[in-house]
Amino acid sequence: MSRKIAQVFAVRGKDFLGGGRVSTEIKTMLRELGIAPEIVRRVAIATYEAEMNIVMYAEEATITVELTPQAVRVVAEDRGPGIPDIGLAMQEGFSTATPEMREMGFGAGMGLPNIKRNTDRLSITSTAGRGTRVEFALDIH
Amino acid sequence: MKCLRACPTQAVRVRNGKATLLRDRCIDCGECVRTCPNKAFIPRTSSFSDFTGFKYTIALPSPVFYSQFGKDVAPATILNALKLVGFDDAFDVTCASEAVSIAIEEYLSTYDTPRPLISPFCPAIVRLVQIMYPSLLDNLIPIESPMEIAAREAKRLKMQELGLREDEIGAIYLAPCPAKMIALKNPPRKKHSFLDGVIPISQIYPNVLRVLGAAEAAEPRPDVRGLGLGWPILGGQVACLKAEERIAIAGLTDVMRVFHEIENGKLKDIHYIECHSCPTACVGGTLTVENPYIARGRVLRMVERYGAEPCQDRQKIKELVRKNYFALVGTIAPSPAPPLDEDIARAIRKMHRRNQMYETLPKIDCGACGAPTCMAFAADVVKGDADADQCVFLVMKTFEGMTKNLMDAVGKHKKRLQGTSPRGDHDA
Numbered sequence: 281m282s283r284k285i286a287q288v289f290a291v292r293g294k295d296f297l298g299g300g301r302v303s304t305e306i307k308t309m310l311r312e313l314g315i316a317p318e319i320v321r322r323v324a325i326a327t328y329e330a331e332m333n334i335v336m337y338a339e340e341a342t343i344t345v346e347l348t349p350q351a352v353r354v355v356a357e358d359r360g361p362g363i364p365d366i367g368l369a370m371q372e373g374f375s376t377a378t379p380e381m382r383e384m385g386f387g388a389g390m391g392l393p394n395i396k397r398n399t400d401r402l403s404i405t406s407t408a409g410r411g412t413r414v415e416f417a418l419d420i421h
Numbered sequence: 351m352k353c354l355r356a357c358p359t360q361a362v363r364v365r366n367g368k369a370t371l372l373r374d375r376c377i378d379c380g381e382c383v384r385t386c387p388n389k390a391f392i393p394r395t396s397s398f399s400d401f402t403g404f405k406y407t408i409a410l411p412s413p414v415f416y417s418q419f420g421k422d423v424a425p426a427t428i429l430n431a432l433k434l435v436g437f438d439d440a441f442d443v444t445c446a447s448e449a450v451s452i453a454i455e456e457y458l459s460t461y462d463t464p465r466p467l468i469s470p471f472c473p474a475i476v477r478l479v480q481i482m483y484p485s486l487l488d489n490l491i492p493i494e495s496p497m498e499i500a501a502r503e504a505k506r507l508k509m510q511e512l513g514l515r516e517d518e519i520g521a522i523y524l525a526p527c528p529a530k531m532i533a534l535k536n537p538p539r540k541k542h543s544f545l546d547g548v549i550p551i552s553q554i555y556p557n558v559l560r561v562l563g564a565a566e567a568a569e570p571r572p573d574v575r576g577l578g579l580g581w582p583i584l585g586g587q588v589a590c591l592k593a594e595e596r597i598a599i600a601g602l603t604d605v606m607r608v609f610h611e612i613e614n615g616k617l618k619d620i621h622y623i624e625c626h627s628c629p630t631a632c633v634g635g636t637l638t639v640e641n642p643y644i645a646r647g648r649v650l651r652m653v654e655r656y657g658a659e660p661c662q663d664r665q666k667i668k669e670l671v672r673k674n675y676f677a678l679v680g681t682i683a684p685s686p687a688p689p690l691d692e693d694i695a696r697a698i699r700k701m702h703r704r705n706q707m708y709e710t711l712p713k714i715d716c717g718a719c720g721a722p723t724c725m726a727f728a729a730d731v732v733k734g735d736a737d738a739d740q741c742v743f744l745v746m747k748t749f750e751g752m753t754k755n756l757m758d759a760v761g762k763h764k765k766r767l768q769g770t771s772p773r774g775d776h777d778a
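Residue numbers (my numbering), protein chains in the order written: chain A, 281 to 421; chain B, 351 to 778.
These aren't lab readings, by the way, just hints derived from the structure by calculation. Do not rely on the hints blindly, as some may be mistaken.
Here are the simulated PhoX-like pairs of lysine-lysine, each with C-alpha atoms no more than 25 Å apart in a straight line [to be verified]:
id, chain 1, residue 1, chain 2, residue 2
1, B, K618, A, K396
2, B, K592, A, K294
3, B, K673, B, K508
4, A, K294, B, K616
Listed below are several chain A residues computed to face chain B (Cβ distance under 7 Å; list not exhaustive) [what the hints assert, rightly or not]:
id, residue
5, F296
6, S303
7, T308
8, E312
9, L313
10, A316
11, P317
12, R321
13, A324
14, I325
15, A351
16, R353
17, V355
Here are a few chain B residues that face chain A, going by a calculated C-beta distance under 10 Å [stated by the list, open to error]:
id, residue
18, N614
19, E709
20, T710
21, K713
22, D715
Ideal Cβ positions, reconstructed from N, Cα and C, are used throughout, including at glycine.
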């Protein structure tokens, strides 16, 4: 049988009520697999940031989590406005959040930097007007 | 079966008609005790006779105890009554609660540790963190509980006054819930406790009720005062703290939701969270007698009446804080719920098998198999802790299959009989 396990979750844009569900489910899954709490916490934070970016900006997306005995890999792929300047978006404090989003405690411009801080590898590709693909991974050992 | 669904950590399994607890998942919250219509869960308790070995006994009632009697029974009277039912003395715990509140404030203003800090005074919350949220252990504020501080202080005073050794004095806590009882018997960390035993409030209640009249007539003691009286209700702890962003949460569903958010990196601007596992905080403990809402009303009344004047000297407490008087002894270690397998590669294979198994189940979480959900049942089967034929739906499917095969066979046989003999006759 496979040495890899993967699960795909769908996320809808503007779904603030359901936001955070995927990161919670991934957390539960990793805990059941016996992954160290510190790794689980970092995956949860990074996934949550990716998930809330989708909720705030994109139309719809899938988040795929994939685990091998060596690493956790998460891919968030959305259909949405895309990120015109990824370098700028990676700067702490840079945000395009609306006042409503800020009202809800989001949009501090820490989303992508926070993903970077909590993961071992991160790659972002985006096409303006089409969508964004965020992929990150954490080593287990 | 009600307990299956009530358990927030899925620790209950019904096997051979009997409910059992998986100790490595149980957080002692008492929800099963609360919901079981047959009273199948009976927390192990102590009684008076267990404490005859001590030369001197002191009762330390949980602040909840003061809310269990008539609306105007003063805490001081209740302490007097405890002396009349057989303890050598009774010692108020709420004054220690006030001291601990000051210690929390000092801690918040001194240390820059990860926020939000979480109150560790509900033992079920501490176990919840150990088992389900081990990454939040550093958020538990490392301060001793009021009951422990009060017991230490009570013993110190009595040793001085009576010239006794510490082990000659028995300090007995009157507890509102099984969590506090179990926490003293199996502490989450190895350490010396100044408490020697626990008696449930529900057990001592009738004895105390009987002597309340006599207690009122006895020599009066000074009033119990201070905001510590409010500790057993939701918001009682944070009401004692000045400034700082602080919130109070009760009930495990809400507590778990907030813990998920903290794990996701949220709520960093909150400094302190008062957490209770019982939905109505400590006055709703399963070993109490009074309706928790009535009890809450009484606590509010007591705070109004006796709360304004502090019982502690703030400067003196601050000095004690500097001497680490309130520091938690020992560390609380993680004890995560067991994974599907200790080896990750094997755990992955088991998760595949569990997910396949889950797809064959009805997914209605009926509980007839004795597990709380179809997913938990599938995991139990994969781990070898349950058999697939415990699921009535799977058994029905098997029977359906068997019946269909049988009926098909009978049908074929009939056809063959019909097809051969009569027509054969005809042809001949």
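#### Entry: Restraint outcome when K713(B) is required to lie within 10 Å of chain A by C-beta distance
Constraint on K713(B) not satisfied, violated at 16 Å.
### Distance restraint between K673(B) and K508(B), which requires alpha-carbon spacing of 25 Å or less
Holds, because 22 Å separates the two Cα atoms, which is no more than 25 Å.
### Query
For the pair supplied as a hint, K592(B) and K294(A), is the alpha-carbon distance within the 25 Å limit?
violated, 38 Å
### Query
How about T308(A): closest beta carbon in chain B under 7 Å, or not?
violated, 9 Å
### Query
Taking the closest Cβ pair, is E709(B) under 10 Å from chain A?
Given a least distance of 13 Å, the restraint on E709(B) is violated.
### Task
Mind checking the CB of T710(B) against every CB in chain A and telling me if the closest is under 10 Å?
violated, 17 Å
### Query
Regarding the hint that P317(A) lies at the interface with chain B, is the smallest CB-CB distance below 7 Å?
holds, 4 Å
### Task
Tell me if L313(A) is really an interface residue toward chain B, meaning its C-beta lies closer than 7 Å to one of theirs.
holds, 5 Å
### Task
Would you settle whether the hint for A316(A) is holds or violated, based on the nearest Cβ-Cβ distance to chain B being less than 7 Å?
The hint is violated - A316(A) has no Cβ within 7 Å of chain B, the shortest such distance being about 9 Å.
### Message
Hint validation: I325(A) versus chain B, beta carbon distance must be below 7 Å. Holds or violated?
### Response
Holds, because the Cβ-Cβ distance from I325(A) to chain B comes to roughly 4 Å (cut-off 7 Å).
### Query
Any CB of chain B closer than 7 Å to the CB of A324(A)?
holds, 5 Å
#### Entry: Interface hint status, N614(B) versus chain A (Cβ within 10 Å)
With a minimum Cβ separation of about 4 Å from chain A (threshold 10 Å), the hint on N614(B) holds.
This entry does not satisfy hints 2, 5, 7, 10, 15, 16, 17, 19, 20, 21, 22, going by the numbered hints stated previously.
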